[in-house]
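**Student:** Construct the entire structure; sequences and hints are all you get.
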Amino acid sequence: QDKEDIVIGGSIPLTGVFAFAGVAIEAGIQDYLKILNEQGGIDGRQVRLAYEDTGYQVDQSVAVFNKLTSQNENMHLYYGDSTAFSRTINPELIRRNAMIMAGASFASEINDPENFPYQFIAGPDYSEMFSILLEYIAKEKPGARIVTVNSDSEFGRDPIESTRARAAELGLEIVEEIITPPGAVDVSTEVLKLRRARPDYTLFHGYILAPLPEFMTQAKQLGLETKFMGTFWSMDSSIWADVGEVADGFMGVMPYRYYYDEEDAPMLDRIREMRPEYQATGYMQGFLTAMLMTEAAKRTLEAGNELTAENLKASLNTIEDFDTGGIIGVPISVPGNTVPVGRIYQYDAADKRMEPVSDWISLQE
Amino acid sequence: MSDLLFFIEVSLAGLGSGALLSLTALAFVLIYKATRVINLAVGETLMMGGYFFFALAAGMSLPVWVAIPLAIAGGGLIGAIVERGIIRRMLGESPISVFMVTVGLGSVLVGLVEFIWGTDPRSLPDFMGSAPIFLGEVYVSRKIAISFVVAAVVIAIFLVLFRYWRGGVALRATATDQAAAYSCGINVPGVFSLAWIIGCGTAAGAGMLLGQIGGIAPTMGAFGLSALVVVIVGGLDSVAGALIAGLFIGLVEAWTGTYLGGEYKLVFTFGILILMLMIRPYGLFGTTEIERL
Amino acid sequence: MRAPMKPASLEVAGLSLSFGGLKAINDVSFSVEPGSITALIGPNGAGKTSMFNCISGFYKPQRGAIRFDGEDVSRTHPPERARMGFARTFQNIALFRGMTVLDNIKLGRHAHMKTNIFQALAYFGTAAREEMELRAEVERDIIDFLEINHIRHMPVASLSYGLQKRVELARALAMRPRILLLDEPVAGMNREETEDMARFILDVKEEWGTTILMVEHDMGMVMDISDHVVVLNFGQVIASGLPHEVQENPQVVEAYLGSGDPAALMKRLAEEAA
Amino acid sequence: MAADTILSVENIEVVYNKTIQVLRGLSLTVERGKVVTLLGSNGAGKSTTLKAISSLLSLEDGAVTAGSITFDGKAIADDTPHGLVRRGLFHVMEGRRIFEDLTVEENLTAATFALSGRGVKPTSFDVVYGYFPRLYERRHGRAGYLSGGEQQMLAIGRALIAQPKLILLDEPSLGLSPILVEEIFGIIARINRETGVSMLLVEQNAAVAFAVAHYGYIMETGKIVLDGPTERLVSDQDVREFYLGMSGGEGARSYRDVKHYKRRKRWLS
Amino acid sequence: MRIATANETYLADEALLSTRTQWAWMGVLALVLIAAPFVLNNYWLYLACLVAINVASATGLNILTGYTGLVSLGQGAFMAVGAYTVAWLEANVGTPFFVNLVAGGALAALVGVFVGIPSLRVKGLYLAIATIGASIILQFFFVNWSSVTGGSRGINVAPATFFGTQLTTYFQLYWLFVPIAALMVLGAANLFRTRVGRAFIAIRDRDISAEVLGIPLLRYKLLSFAISSFYAGVAGGMWAYFFRSVSPESFTIVESIFYLAAVIVGGMGSILGGVIGAAFMTLVPEILRFGVEIASPYVSNAATLLSPIRTVAFGGLIIAFLVLEPQGLAEIVQRIRRFFHLWPFKK
Ligand SMILES: Nc1ncnc2c1ncn2[C@@H]1O[C@H](COP(=O)(O)OP(=O)(O)OP(=O)(O)O)[C@@H](O)[C@H]1O
Ligand SMILES: Nc1ncnc2c1ncn2[C@@H]1O[C@H](COP(=O)(O)OP(=O)(O)OP(=O)(O)O)[C@@H](O)[C@H]1O
Ligand SMILES: [Mg+2]
Ligand SMILES: [Mg+2]
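Line by line, the protein sequences give chains A, B, C, D and E.
Here the first sequence is numbered in my numbering, starting from 7 and rising by one per residue.
Here the second sequence is numbered in my numbering, starting from 761 and rising by one per residue.
Here the third sequence is numbered in my numbering, starting from 181 and rising by one per residue.
Here the fourth sequence is numbered in my numbering, starting from 171 and rising by one per residue.
Here the fifth sequence is numbered in my numbering, starting from 2 and rising by one per residue.
I should point out that these hints are in silico values taken from the structure, not numbers from a laboratory.
For clarity, every value in this text was computed on a predicted model and none was experimentally measured.
Backbone N, C-alpha and C fix where the C-beta goes; we use that ideal spot for every residue, glycine too.
Hints should not be assumed to be uniformly reliable.
What the hints assert, rightly or not - Footprint (simulated), chain B over chain E, 3 or more residues, beta carbon under 8 angstroms: (1) 123 to 131; (2) 209 to 215; (3) 260 to 268; (4) 298 to 311; (5) 317 to 331.
What the hints assert, rightly or not - Cross-link-like lysine to aspartate or glutamate pairs, in silico, EDC-like; alpha carbons within 20 angstroms at most: (6) D:K188 / E:E332; (7) A:K226 / B:E897; (8) D:K393 / C:E372; (9) D:K188 / E:E326; (10) C:K240 / B:E1051; (11) C:K447 / D:E353; (12) D:K204 / C:E452; (13) A:K145 / A:D206; (14) C:K447 / D:E401; (15) A:K358 / B:D880; (16) C:K203 / D:E307; (17) C:K203 / B:E1051; (18) D:K204 / C:E451; (19) C:K447 / D:E364; (20) C:K385 / D:D427; (21) D:K188 / B:E853; (22) C:K240 / B:E1049.
**Tutor:** In structure tokens, the structure reads:
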């Protein structure tokens, strides 16, 4: 039999600080592959995920990559778990010219087809997320006062500079930039700063949950009238479920639909059929990533080309007005390394759900 | 709002978190005083305290006032197990070996927490309420204020104990020379156990307070590192030093965080640490080691 | 046997050292003749070890001078003094417990060796040559001399107290001493072992021509082998002279020697009991 | 065994690190109220014997592998080291082992733990200061800065506070000036006389040990080779030669005359 | 018991390998190392390179901590200095890799000396804590000195080039890393045959008396820091060529703990110990990975247990070795050697 499986390799954080995402991502990828394979796979070839846990540590991610590549012949697609890994493995990807990679990192740095020719992001990068947030704010409240709160990590610092520029363009005023040391829990002094700045919007980035609830609690106690917003990794409704009343009204940018979204979406129906219980945002990310990757592979094979990284990436960039089955509410294109689309959702503590408060905002002209 | 008022608020918040540092530092001091061991796993024991409370109050839905003492006891139990199982076998080994053992212990505890509770951060059932406290116009976070009071009371108790109770002498005697302490009729294993149990119990208590403020996660052990700075500045064997240095570091962190930016907090505190080691190696109140030829 | 060196003289002039309020050494002056054995005795806490620490440079006296062969060395650091020819043993044995006897002895030569870090990393060449010379010399002049051939490869921690004291002496000898400071060389030894050590000390003086300054509480040995005795009390010199002169000095008897006779003690005890 | 035996050691063997055997069937007894001395050359195992009696061996990875030790009528096998102290056995260890970081007074306080659970009235520290006035002067200073002699006084002072029935003294004369040796041995004898406490005394300075002891043992490489009342020991030829340094006739021989030849002890041959 | 070998010359008595059996073993080892890259697959070659890097760094730390008794939790930070230097030189100067590695080592050594200054006043645990402080301060510079370090994103590193060939595969890097690591280990072993090494040990055993015996304390303590961080710097440089990207998050305090653990598990104050400790600690997680793979059909979500198990095993190993085998693996090796020495056919 010459129709061998196509393998998606995966350095996935099933444990460590990012485990909650990794577990969901793995499920998302697997489910999409199941759907795809049921439909006959790609060109009659089945697609299979070969992955291992990395604990969200770069050296482990690299080790897993090396292990999987030496064990699997037909690995043409890869899922990586962190910005540091994406960066570290980049030269090796270029050297091998055998696979394209996407992953859990939305780092702006990766959105650079020149330096990261064989990687992409199945959504907007962090700067683009902030752009989406700022566009929303500019529309809701022109000239609004904004405070950004970022964690002192690579993740947290990613969009700071681009945000400054974008806010200026949109006529928004950044009145304070707060940076918290990584792992800080006591944020009282930061809250005091916030009180002094009196912003209309407070934008968090570089956190998953903590210390956002404490921030919001104290701000509420102080009677601050500010709206709190976050980015993709803070947007899962299940992590907010435990926080309670304080979480009500938290907003943020989300590139995908939620599991429970009611708008018409055949893929969501399918997912709910396969998995009767709630699936986190990471699931959608994994699902869409797998969809885009395999689409690229499909287009490459259909064009009669070999599955090299170069060909795969070229095929990926041919994706235009592509229907994701409702995972994203509008047809998408991948002209470069990202899919710069998103929507603002807001948390409703009573329903324990994120509700859409805007239309889909696309940064593509 | 006036700058002065802002400064006072920031300083009060600093003192509040400083008190938590003091309490954690106290856990270092208690264990060091009796066993000459710098227990680098204090941070992780603190984390365990948070998770115990979580398991009892959220998992088993016990009332808070039952869960708190039980979680502290759980911390003590860790201390007891570690002391009986590991530290006691290492009597007479170099302090550095024992130090490294506690580093390993920290890793084991983190692994266990990830094993049992996973890596997701959690929030603790609230037992402090959240109505803010205003001292005149000055705002103080309720949780921080409560933590401050608790830490102050606990430290005061230990200060009094060490002043008037001859057990303090036993602790220090054991630390200086175990064989000689035995030969004076001091129950050396008892002193070891006691120090570890109380030290780890204190850490667990601090963990619950900290968890109230910022939730719990397997990474919260990093707080122990700041507390380490506190004990070095205050003196490894001084309860009063832990108190004063804790408040001091808390203030420094608040000021640098506010006026320079959060990213400067750690550099500043560790800068102070190194400076301190250069000028007064044994801290503000620590006992200098006697070195004679 | 190695060629004797030119013996060195040592002079302590007006030396004072205090710790906080405590005057451990108070304006002490004495001198040690080249090639002699001088004993420094005195009650516990009189400042003898502190004096040794000043001479070897470990303590910095507040006042006074230490002259070695007429040259003031008070400003030099311990390692420099080691290079000049100061060598010592310690009251509480200070051997390096993680090393073998041979390495301990070789270590004594440190200050006189030249291998630098790069030569050390490469080893072959200069470093190897120097090490071999040292080894040959140590074997010939020290290990044989002190009769410690059988233990040369043993870790010092496993040796008995008496042998450890002997290894300390060996290490001091490896320092090419021109003046040897011995701090209680026979403390904790019984009569037989003391006799052996006394013999070595005399041999070092005679065959190596080393000047020796010794602190010791064993009066039997001190009075037998030393040429000159200096007595300290409360950080001050209260007497000095030939052994028998000092022995009869009433002040010394009162502060330090006591009856000096176990028989007298026995008698006194018997009387008290009665 | 006589009824007034406070300590009896029978055929004990001690092994360090599970490999090095140090004591090979050593036996000795101490009668109540008596001072017994144990002599022997370096490394013979004297300190080891004392540590075996006070159960401190385990701290140095040593163990009693055979034989038995009875203190005050009861085997010590089940006692913890501190339990033994509280039963009235106090070990003044080799090298003083005072608590350097504590003050003189705190060192004495530490010794009061020996009285726990015994229901005896604590001794006033003045008793110690009475015997050793120099300690009184330095009672608030850190003990680590005391001179050797003062530290030895403190070590003995701690034993006094503990009100023991038996004191094990390991080389109390080590590093002390002649007059202090006399003084301290005088005090040891006085303490023995005034309080009736029994003592087992390990010494290198045989002459003074014989001055205070009623009975003596001489050990060599882990075994007792000679024992007897002091009067008998001091007249033994080998003891005179090897421990008291008297060659044949009267008085000690001079160190200058000692030559490099190895003499042999009778008890070894 | 081993009977003392009666060597005829002092030279033979002081040689590193004194018996024919030892030479034979060394020969076997060399052959294995030469044959390995032709036999191993890419993954194992990757691990072999990683072991070489870790051996170099652990051996350096062993000089400082195992032999000189100065506990350092800064080895990771020193490696970072080396790695950044190499990355910067590659990006801005383009000097040959060998020069870069030496420069990385040298700069790390310089920083090491600086960090070592507190050892003038403090030792033991206090020093260990000072090194934690120093690495946190270094970390701050890595994050904030963006113009040189690339800030929190770090820098990418061009591959090492050797006579025009880019060393990009693990097969190629193996031939670079293993000889360098071997040379460094040999250097360390040599060190302890000379006065420099002896001085280090003396400082570890009792520093104040070492001074009186003629060893300038500060100079030697700093020298030890310098050598140790030089080793770390070179190892960090190799790391940079290996992972080809350096960021502040590459070298955390956990890395430093890893190296200290490697030295402890291997055996403090034993060159052999540093080497096998580093190899062992690098390979244990991989062995656990295979263990989990085997268990995965029987245990549900075995994959998610891997990381906690590793974390526990990492700490557990440190504890177990310190409690049960304080001399480390080196001692176990010695014991095995002694055992075989009793065999009928010895050398
Ligand atoms: N580093 C120090 N700090 C404070 N006091 C000290 C120090 N070193 C010595 N002393 C004090 O100085 C005095 C002299 O001590 P030293 O050790 O020189 O006495 P010594 O004559 O050697 O006595 P011994 O015969 O008992 O050894 C003592 O009172 C001692 O307590
Ligand atoms: N902790 C130990 N581990 C291994 N061997 C030991 C230990 N302690 C003592 N020894 C060995 O046991 C033997 C007896 O030692 P011990 O200290 O009992 O002798 P001692 O008679 O008291 O001698 P000294 O007069 O030197 O005090 C010595 O050979 C010594 O090397
Ligand atoms: Mg002295
Ligand atoms: Mg002894």
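**Student:** Is the hinted pair K240 of chain C and E1051 of chain B satisfied, with a Cα-Cα distance of at most 20 angstroms?
**Tutor:** holds (15 angstroms)
**Student:** When you check the alpha-carbon spacing of K393 of chain D and E372 of chain C, does it fall within 20 angstroms?
**Tutor:** holds (19 angstroms)
**Student:** CA of K188 of chain D to CA of E332 of chain E, is that 20 angstroms or under?
**Tutor:** Between K188 of chain D and E332 of chain E the Cα gap is close to 17 angstroms, so the pair holds against 20 angstroms.
**Student:** Tell me if the straight-line CA distance from K240 of chain C to E1049 of chain B falls inside 20 angstroms.
**Tutor:** Cα-Cα ~19 angstroms, so holds.
**Student:** Does E364 of chain D sit within 20 angstroms of K447 of chain C, going by the straight-line distance between their CA atoms?
**Tutor:** holds (18 angstroms)
**Student:** Can you tell me if the stretch 317 to 331 of chain E counts as covered by chain B, using C-beta to C-beta distances under 8 angstroms and a minimum of three residues?
**Tutor:** Result for this restraint: holds, n = 7.
**Student:** Can you confirm whether the C-alpha distance between K358 of chain A and D880 of chain B stays at or below 20 angstroms?
**Tutor:** Holds. K358 of chain A to D880 of chain B sits at ~18 angstroms (cutoff 20 angstroms).
**Student:** Counting residues of the stretch 260 to 268 of chain E whose CB is closer than 8 angstroms to a CB in chain B, do you get three or more?
**Tutor:** Per the Cβ count (3), the hint holds.
**Student:** Taking beta carbons only, do three or more residues of the stretch 123 to 131 of chain E come closer than 8 angstroms to chain B?
**Tutor:** With 7 residues close enough to chain B, the hint holds.
**Student:** Taking only the CA atoms, is the gap from K204 of chain D to E452 of chain C under or equal to 20 angstroms?
**Tutor:** holds (16 angstroms)
**Student:** For the pair supplied as a hint, K385 of chain C and D427 of chain D, is the alpha-carbon distance within the 20 angstroms limit?
**Tutor:** The hint holds at about 15 angstroms.
**Student:** Between K447 of chain C and E401 of chain D, is the straight-line Cα distance small enough, at 20 angstroms or below?
**Tutor:** Status holds; Cα separation ~13 angstroms.
Of the numbered hints given earlier, the model fails none.
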